[in-house]
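Enquirer: Chains Y and G are the protein sequences, given in the same order. Each step along the first sequence adds one to the number in my numbering, with nothing skipped, and position 48 is 48. Quick note: to get my numbering, add 189 to the position in the second sequence (first position is 1).
Hints are supplied without guarantee of correctness; some may be wrong.
[Stated by the list, open to error] A partial selection of chain G residues facing chain Y, derived with a Cβ cut-off under 7 angstroms:
(1) Pro196
(2) Glu274
(3) His283
(4) Arg454
(5) Tyr458
(6) Ala461
(7) Gly465
(8) Pro591
To be clear, the hints were calculated from the coordinates, so they are not data collected in a lab. Think of the CB as a built atom: it goes at the ideal place given N, C-alpha and C, for glycine as much as any other residue.
This is what each chain is made of:
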Amino acid sequence: MARLSAENVQRARNLIALYPVPRSALVPILHVAQEQDGWLTPEAVEHVAELLDLTPAQVHGTATFYDMLFLEPVGRHLVSICTNIACMLNGAYELLEHAEEQLGVKAGSTTADGEFTLEEVECIADCGRAPCLAVNWRFFGNVSPGAFDELVDDLRAGGLAGDVPPHGTLCRVRRSVGLEAAAWDRDPE
Amino acid sequence: MPLTDAPRIVTARIGVPESWRLETYVANGGYEGLRKALTMPPEKLVEEVTAASLLGRGGAGFEAGRKWSMLRKAEPVYLVVNGDESEPATFKDHMLLENDPHQIVEGALITAYAVRAARAFVYVRGEFALGLERMTAAVNEAYERGFIGPNILGSGWSIDLVVHPGAGAYICGDETGLLESLEGKRGFPRIKPPYFPAVYGLYDAPTVVNNVETMSNIPWIVLNGGAAFAGLGEGRSAGTRIFSVAGHVKRPGNYEVEMGKTTFRDLFYDPACGGGIRGDNGLKAFIPGGASSYWLGPDQLDLALDQDKVGQAGTMLGSGSVVAMDETTCMVRAAWRITRFFAHESCGQCTPCREGSGWLEKVLRRIETGAGRDDDLDLLLDVCDNIAPGLTWPPQQTTICPLGPSIPSSIVSAIRMFRDEFLVHVKEGGCPHG
Ligand SMILES: Cc1cc2nc3c(=O)[nH]c(=O)nc-3n(C[C@H](O)[C@H](O)[C@H](O)COP(=O)(O)O)c2cc1C
Ligand code: SF4
Ligand code: FES
């Protein structure tokens, strides 16, 4: 089932309550949907549209603008290698080439077993540890080819499960305060 | 060894164990600025910050106090903190979000009180998973302790603060792109006028947009006074600032230094900062203020980190990112990579930016891979001149937002400074650097 679960519908309602205008909760709710399924299924897009009183096309239109929102399935581990200027100056393209060989896929594609999607990305603001990469948006710096191999082995073996949740899980801390009471500062209009 | 005896203002707690927790923050003087601010009239706070000459740390360098004074008189007012940090080689806000979230919360609360905002939002770049977790946890803690929420510290003043995740798009760092994004839409920048955030911002209400580092300075300014802040630095470039030092230095990292009194040479060579160029190589050129800025050569190393002086030198301090490129660097490749970034991030609304960035990227790639033509240099400059006529600094604006006119900076710099290198690429059919 790729509609939002009951729990995630409640999370969506909590998010909507935080904003003066419901549509502002769209991207945060899409992150919740992506956490549930690893990507944005058509059913989830439709369900999110219902929750916000938007059309699926409006949701789709917003979602396609953003690099982190996927409208097609992604591997369990999204490996994002930065090749922007600071990383390039420190060997990022060599790292990317190594990663492509090691995983057996070109940047932009997913391994046959669905474990890894490899992508080349713009600066991820970890340039002090160039070359660097992110796995499901958990950052790893000063990544040599050897370190990359170790990282892949660890991820395959599930050794980093605590630090690197499955793809789609962004923020594991939930807002726990002032949720239903967000009405106290609601604008009167 | 600090370079000058200026205190560390925004990085004071970086490196303190569990610096992101409320207990640590409070044990180190946290939330005292808010306590004091709530005893002051809001106008007085605006005066203090104006007296401080706090220039915005997000890129454009506009005075924070003046920005707060320029709001259209209407209700509600909103505060939006810009934590989208995506300018290539800038990584200071990422550090602040992860390591000192309460300082951002406190700065935002004081600012919200000063401008009488109805609600505050912290827009955090989507990719910053840990930053989002730390910011969210900080809001939970601060709310439980009564720093956020109704009747804050018994003052009768109430506000909520919402942490909002982005989803990956550089253009959402532009303040109007960010507001569109915060409204749940594509991050298309808005046309100014009329859409200056202070006039028609979030939900068309008057809105203050300030950078994460800008906000982080506010508690210190309230506690120590605007004059104390203005006493640091030089002239308008007051206080200290974090510079993200990257590229070919021995010790890349974020360094908070006194503005105006510190130089690019200090950032690259001082043992307390970059520690020198890797392998003790020569420095070929450096990028002084992010991918959007014109480059400088080693002859400019003694230029002070002063917003106006760097402006007079024909470029900008921008986002506070400085990138060293040593003598082994292929300048065609460097310009190509930055251009590719812009081509990827152009939101596509304006023809010069959307089409120009793609053409420039293709021509640069062709030169770099050895398929360049004799007239390619003229072609590059011609396309650049179409995007930012005159190729001056600051650039002429032909587009909705400043992204488009920033595209020529690296290309024009590389051609002006290293024309021979481009010619060798074309003549010899490839890169002499291998
Ligand atoms: C393309 C583009 C990207 C930008 N990215 C950022 C950013 O990531 N963070 C930021 O604070 N400001 C960014 N800015 C500047 C903002 O538009 C705005 O000036 C700033 O957030 C205001 O805060 P400040 O006055 O405190 O610096 C960007 C501007 C442009 C044109
Ligand atoms: S200049 Fe470029 S990024 Fe800015 S609004 Fe126009 S197309 Fe979009
Ligand atoms: S350039 Fe790679 S993380 Fe910034």
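Enquirer: Now tell me if each hint is right for this structure.
Expert: These are the hints, each one checked on the structure:
Using the Cβ-Cβ criterion of 7 angstroms, the hint placing Pro196 of chain G at the interface with chain Y is not satisfied: the shortest such distance is roughly 22 angstroms. The interface hint given for Glu274 of chain G is met, as the beta carbon of that residue sits about 5 angstroms from the closest beta carbon of chain Y, less than 7 angstroms. A distance limit of 7 angstroms between C-beta atoms decides the matter here; for His283 of chain G the minimum to chain Y is near 4 angstroms, and the interface restraint holds. Interface restraint check: Arg454 of chain G against chain Y, minimum CB-CB distance 19 angstroms, threshold 7 angstroms, status violated.
Using the Cβ-Cβ criterion of 7 angstroms, the hint placing Tyr458 of chain G at the interface with chain Y is not satisfied: the shortest such distance is roughly 17 angstroms. Because the smallest distance between the Cβ of Ala461 of chain G and any Cβ of chain Y comes to about 15 angstroms, over 7 angstroms, the interface hint for this residue is violated. Interface restraint check: Gly465 of chain G against chain Y, minimum CB-CB distance 15 angstroms, threshold 7 angstroms, status violated. The criterion of a C-beta within 7 angstroms of any C-beta in chain Y is not met by Pro591 of chain G, whose closest approach is roughly 18 angstroms, and the hint is violated.
The structure is inconsistent with the numbered hints 1, 4, 5, 6, 7 and 8, although it conforms to all the rest.
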